[in-house]
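S.K.: Residue-level listing of the chains:
Protein chains: 2
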Amino acid sequence: MKTKYITKTKELEGLPKASDFKIVEEDIDENLTDGEVLTEAVCISVDPFIRVHPIPPGIPVIGFQVGKVLASKNEKYLKGNLVMHLGGWKTICKVADELCWYRVDNVISSKDITKGVGVVGMPGIAAYFGFLDFCQPKEGETVMVNGCAGAVGSFVGQIAKIKGCKVVGCCGSDEKVAFAKSLGFDEVFNYKTEKSWPEAIKRCAPNGIDCFFDNVGGQLASDIINQMNTRGRIACCGFISTYNSKTPMQALCDTVQPAMVSKQLRMEGFEINEDRFKPRYPEGVKQMSQWFKEGKIKVRETVTEGFENTPKAFIGMLSGDNIGKAVVRVN
Amino acid sequence: MKTKYITKTKELEGLPKASDFKIVEEDIDENLTDGEVLTEAVCISVDPFIRVHPIPPGIPVIGFQVGKVLASKNEKYLKGNLVMHLGGWKTICKVADELCWYRVDNVISSKDITKGVGVVGMPGIAAYFGFLDFCQPKEGETVMVNGCAGAVGSFVGQIAKIKGCKVVGCCGSDEKVAFAKSLGFDEVFNYKTEKSWPEAIKRCAPNGIDCFFDNVGGQLASDIINQMNTRGRIACCGFISTYNSKTPMQALCDTVQPAMVSKQLRMEGFEINEDRFKPRYPEGVKQMSQWFKEGKIKVRETVTEGFENTPKAFIGMLSGDNIGKAVVRVN
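Just so you know, the sequences run in chain order S and E.
Each residue of the first sequence is one higher than the one before, counting from 9 in the working numbering.
Each residue of the second sequence is one higher than the one before, counting from 9 in the working numbering.
Chain S on its own, in the form it takes in the complex (with noise of 0.2 Å):
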């Protein structure tokens, strides 16, 4: 049986150019070891994240994609069933147990699946624990989001009004700002084209910040952290603006201390694939499902075409042309 996967040509430096991934066509083994399961790939996730994960040139880029079990030697995947798992950028995937994170189609219906990779997916849990666990908000608190019109933002801002919050949103075009707000947002910023963030935080949240989600660092969430309020409450998801930088993991800013102790706020980093959040994936999937069911939370896709086409919807994801969940359909 044949396989094909994408891999890094070097290592990644600024913006990923298409000549950076390359496609590999080889054999794979089918037979399982236990615990194993064989799929092919039916929709690959487009990932912030996968911007600053080390995985090296020379093998499959790494990612979440829903699967369709081929073989199994898992017992809680079967034949026919569809697994959300890291398999990465690969079509037929022999996957081991610890990398298969759960199964989707008893959650999600097969017309909806490659929304699926977005609410109940990755982004969707890290929305729901990571707001949740670490923003802890409360009723008629003012909840800030940056990125808000990407999969993990739309779907914090989203839940936060569904817990009886305000919810302020920024994001980088005024097509995002309406998308933002046809989901109940009550107020949107275009950080590109405001000429002062911290007058434009001011505005759209007068009374101050109680909860702040960022996906972005940088700057802009400095000016965030400075108009929180006593003992606001900051999870941070991710860090976007500065993933396509020279040096990722460094970027100058307003240093945050100040805000921190004069406000005696708190702020907590997570990742969704931590050990203290596994046991609850169960949780979060099944409410984020009923949610999307009952369109308390509404999903909107960037969809892209084929396989091959991976590279190109993960760079235009980092370039920020995606609004909502990037995804590429496979099968």
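Rather than coming from a laboratory, the hints here were simulated on the basis of the structure.
Hints are not guaranteed to be accurate.
Listed next, the in silico DSSO-like pairs over lysine-lysine satisfying Cα-Cα at most 27 Å (straight line) [to be verified]:
{"#": "1", "chain 1": "E", "residue 1": "K271", "chain 2": "S", "residue 2": "K271"}
{"#": "2", "chain 1": "S", "residue 1": "K200", "chain 2": "S", "residue 2": "K320"}
{"#": "3", "chain 1": "E", "residue 1": "K203", "chain 2": "S", "residue 2": "K254"}
{"#": "4", "chain 1": "E", "residue 1": "K18", "chain 2": "S", "residue 2": "K271"}
{"#": "5", "chain 1": "E", "residue 1": "K210", "chain 2": "S", "residue 2": "K254"}
With beta-carbon atoms standing in for the labels, derived distance ranges [said to hold, decoys possible]:
{"#": "6", "chain 1": "E", "residue 1": "E282", "chain 2": "S", "residue 2": "K146", "range": "13 to 21 Å"}
{"#": "7", "chain 1": "S", "residue 1": "N317", "chain 2": "E", "residue 2": "E282", "range": "34 to 42 Å"}
{"#": "8", "chain 1": "E", "residue 1": "Q258", "chain 2": "S", "residue 2": "R211", "range": "42 to 50 Å"}
{"#": "9", "chain 1": "S", "residue 1": "E207", "chain 2": "E", "residue 2": "K30", "range": "50 to 58 Å"}
{"#": "10", "chain 1": "E", "residue 1": "K294", "chain 2": "S", "residue 2": "N114", "range": "50 to 58 Å"}
{"#": "11", "chain 1": "E", "residue 1": "G216", "chain 2": "S", "residue 2": "T238", "range": "30 to 38 Å"}
{"#": "12", "chain 1": "S", "residue 1": "N114", "chain 2": "E", "residue 2": "Q144", "range": "33 to 41 Å"}
{"#": "13", "chain 1": "E", "residue 1": "G303", "chain 2": "S", "residue 2": "R211", "range": "52 to 60 Å"}
{"#": "14", "chain 1": "E", "residue 1": "K30", "chain 2": "S", "residue 2": "K210", "range": "34 to 42 Å"}
{"#": "15", "chain 1": "S", "residue 1": "R239", "chain 2": "E", "residue 2": "E316", "range": "51 to 59 Å"}
Yeah, the Cβ is synthetic: ideal placement off N, Cα and C, and Gly gets one too.
Place chain E on chain S using the hints.
M.R.: Frame of chain S; chain E shown alone:
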């Protein structure tokens, strides 16, 4: 009855100068209302937070002092008692109940009263609650403290040793390094003479940092945060690196978000005068005084004689002249 107080002559800018302060003498009405005490200053605590406190020119500079009760309409504080209170830079004070923190003559002997301003005063309980509540140190973990030769920092390091941690400090002179080592710090570096802060941190904490008690903020704090271990805890107590800058609430340094996310760190800011700590002051004061009496916490102080020299002591402390607690003996 006459009292003297010291007030700012104008808003402070940069490192304060002697001419930024003046002494005012005035009459004080000795009649007390319910809850008030009349005190005579014994010693005045000179602390970094005063630099960024927004108290305006014209009224006494804010600050802690130990005052001897001359008269009382408060059953908690009787004539002759020594009270830790927030009466500021003033000789005879009429102090309302809410500005009286607690008695100190029942937890520290009168010969140690200047030391008491530190060890059972605000710095002692800030170190106690800030470190234990927010860093949650476990035996065998590595703790990093900056400003480690100051009052709060030197207490945090000693509490960390009591808790069985490896303790790494940094401070601004070789004399301070020697002092911190004499307290039991395992490794200490002089940030003013190291060529590379990241390398100095790596040399002193080759296995990474689990708990970081931050008195300083700025680039050094970012460098420390970048060498923290997964699920590390950061207590933000102060940001003295920026106190004397023209805009003390702002400074550029490396953004902390990448480390917060990828290491899943928790950072929490606090001020020891928050309501959440007040009911617990007796616990902190009792434990700190006990450790002091047992010799487990050593106190070094830099004593300045004379009320009129309070600004000089304050400016010296902000310039890094003091080792240990800066205090002014009035009577």
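S.K.: All hints, please: hold or fail.
M.R.: So, going through the hints one by one against the coordinates:
1. E:K271 with S:K271: holds, 24 Å
2. S:K200 with S:K320: Given that 27 Å is the threshold and the Cα spacing comes to 23 Å, the pair holds.
3. E:K203 with S:K254: holds, 24 Å
4. E:K18 with S:K271: OK: E:K18 and S:K271 at ~26 Å, within 27 Å.
5. E:K210 with S:K254: holds, 23 Å
6. E:E282 with S:K146: 13 to 21 Å: Given range 13 to 21 Å: holds, Cβ gap about 19 Å.
7. S:N317 with E:E282: 34 to 42 Å: violated, 54 Å
8. E:Q258 with S:R211: 42 to 50 Å: violated, 21 Å
9. S:E207 with E:K30: 50 to 58 Å: violated, 38 Å
10. E:K294 with S:N114: 50 to 58 Å: Given a distance of about 57 Å, which is inside 50 to 58 Å, the answer is holds.
11. E:G216 with S:T238: 30 to 38 Å: holds, 32 Å
12. S:N114 with E:Q144: 33 to 41 Å: holds, 39 Å
13. E:G303 with S:R211: 52 to 60 Å: holds, 58 Å
14. E:K30 with S:K210: 34 to 42 Å: holds, 37 Å
15. S:R239 with E:E316: 51 to 59 Å: The hint (51 to 59 Å, Cβ to Cβ) is violated, given that S:R239 and E:E316 are roughly 40 Å apart.
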